Structure formats: C-alpha cells, structure tokens
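Asker: Residues per chain are reported as follows:
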Amino acid sequence: NAGVTQTPKFQVLKTGQSMTLQCAQDMNHNSMYWYRQDPGMGLRLIYYSASEGTTDKGEVPNGYNVSRLNKREFSLRLESAAPSQTSVYFCASGGRKDTEAFFGQGTRLTVV
Amino acid sequence: RKEVEQDPGPFNVPEGATVAFNCTYSNSASQSFFWYRQDCRKEPKLLMSVYSSGNEDGRFTAQLNRASQYISLLIRDSKLSDSATYLCVVNEGEKLTFGTGTRLTIIP
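Going down the list, the sequences are from chains S and Z. In terms of our numbering, the first sequence opens at residue 1 and continues consecutively. In terms of our numbering, the second sequence opens at residue 1001 and continues consecutively.
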C-alpha cells in the first residue's frame, strides 16, 4: 500500500536555487494538496487541485508553482528558493468531499 | 480572523484524566469536519470524522455544533500513547483547512 509518496524526504538548497517536489498517489483520488508546516503556524495550504487539469491557490502561494501532471501526480516547484521557504512540506490527496485526506511523509526543506 | 482556530496548548494532563479540545471555524458553508492526529516529525493521520449527530470511537468522542460553528474532541481515560498534536480540519468544498493544532502531553 503505497498511498501518497513524496520525494525527496530531505533537501538543502542555496538561496536562488530551484527545485521540484514530487508527489504521487495510487488511490485514484481527484483532489490533491500541497501544505507547508512551520512551528506555531500549523499546516497552511499552498496550492490544491480539485481534479486533473485544475489548480488553485491556497493561503500561501507566493514563490511556488504547481503542476497536476495527471490524476496521480501533483508537483510543487520553487523557482528561486528563499530562506523563508525553509519548512516541512506535505502533499495530500483526498477522494470525495466528505472523506479523509491521506498525507505523504513530508519533505524537510532547508534554504540557506 | 483565522478560518479554523484552536487553542494551541500545550495541555499537560495526568494519565487517566479526561481532556477536551475545542475548535471554531468561520465558514458557515463548510461541509465536513475531521480531527487528525500528528506525532512529532510525522505526517498527520485521521483520528476521526465529526458528524452532526456526534460520534464516538472507543475513548474518543467528537461533536459538531453547526449553529455555533465549533467542533469538539473529548478523550477519556487518557493514555501515554495519546501524547500528540491534535488538528481540527474543515472541508470547505474543494479544500481542507487545518487549525494550528493543540499539543497534548500525557504525564505518567
């Protein structure tokens, strides 16, 4: 049971570098999400995709782009990393509106 | 005003005690509600859904008050293994919004 798979698990970037966080789910879910989690701030929604081919901004989209490549995959890109983007990033997927979301194991990103 | 608000705690509770958490939400059109549990440095996992009629799962009871727009979680006979952060989650149609979480520590 893979569920939601995120890669990489850890990453250190220099300011200005770019990278893409990958996320894939094998549960045939329509909705996928990217969150960041910072101490004392809880999980904040960066972008979400309610279905294949659609993406929408969440609470903190600035500095990020996303791509819903197909139903399974939802990637998050940092074009020019900044120290303020140091965080733990979680990808999640969900089925119907009244059902739970499942999370990947998270990516710990440090920007120096 | 934050869309979903929780008391961040921490709650330090002796083993065997009963502890209650509350959560308020601002969007009256919210459709479904959940409590998640997150252990240190791990991903959040569903603890239980919250239904209008209230629901119970063993030592855990969740209730929803739509009129007052709050959700509660009651943990009875708390165990050491209940130590975690508890997240209130609201589904607003197409997105899930999380509260900041309430940290619970059960003391032996």
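No lab work stands behind these hints, which were simulated from the structure alone. Model, not experiment: these values are computed from the prediction. Treat the hints loosely; a few may be bogus.
As the list claims (entries may be wrong) - Here are some chain Z residues the structure puts well away from chain S; computed CB gaps all over 10 Å:
#, residue
1, Asn-1055
2, Leu-1074
3, Phe-1098
What the hints assert, rightly or not - What follows is a set of in silico ranges between Cβ atoms, one per label pair, in the way DEER data are often shown:
#, chain 1, residue 1, chain 2, residue 2, range
4, S, Met-41, Z, Arg-1076, 26 to 36 Å
5, S, Met-27, Z, Ser-1026, 46 to 56 Å
6, Z, Ser-1053, S, Thr-110, 24 to 34 Å
As the list claims (entries may be wrong) - Covered, in the sense of this in silico footprint (three residues per stretch, anywhere, with C-beta under 8 Å from a C-beta of chain Z), are these stretches of chain S:
#, segment
7, 12-21
8, 66-78
We put the beta carbon where it would ideally sit given N, CA and C, even for glycine.
Asker: Would you mind marking each hint as holding or not holding in the structure?
Answerer: The hints, checked one at a time:
1. Asn-1055: holds, 13 Å
2. Leu-1074: holds, 20 Å
3. Phe-1098: For Z:Phe-1098, whose nearest Cβ neighbour in chain S is about 4 Å away, the distance does not exceed 10 Å, so it is violated.
4. S:Met-41 / Z:Arg-1076: 26 to 36 Å: holds, 30 Å
5. S:Met-27 / Z:Ser-1026: 46 to 56 Å: violated, 30 Å
6. Z:Ser-1053 / S:Thr-110: 24 to 34 Å: violated, 46 Å
7. 12-21: Per the Cβ count (0), the hint is violated.
8. 66-78: violated (count 0)
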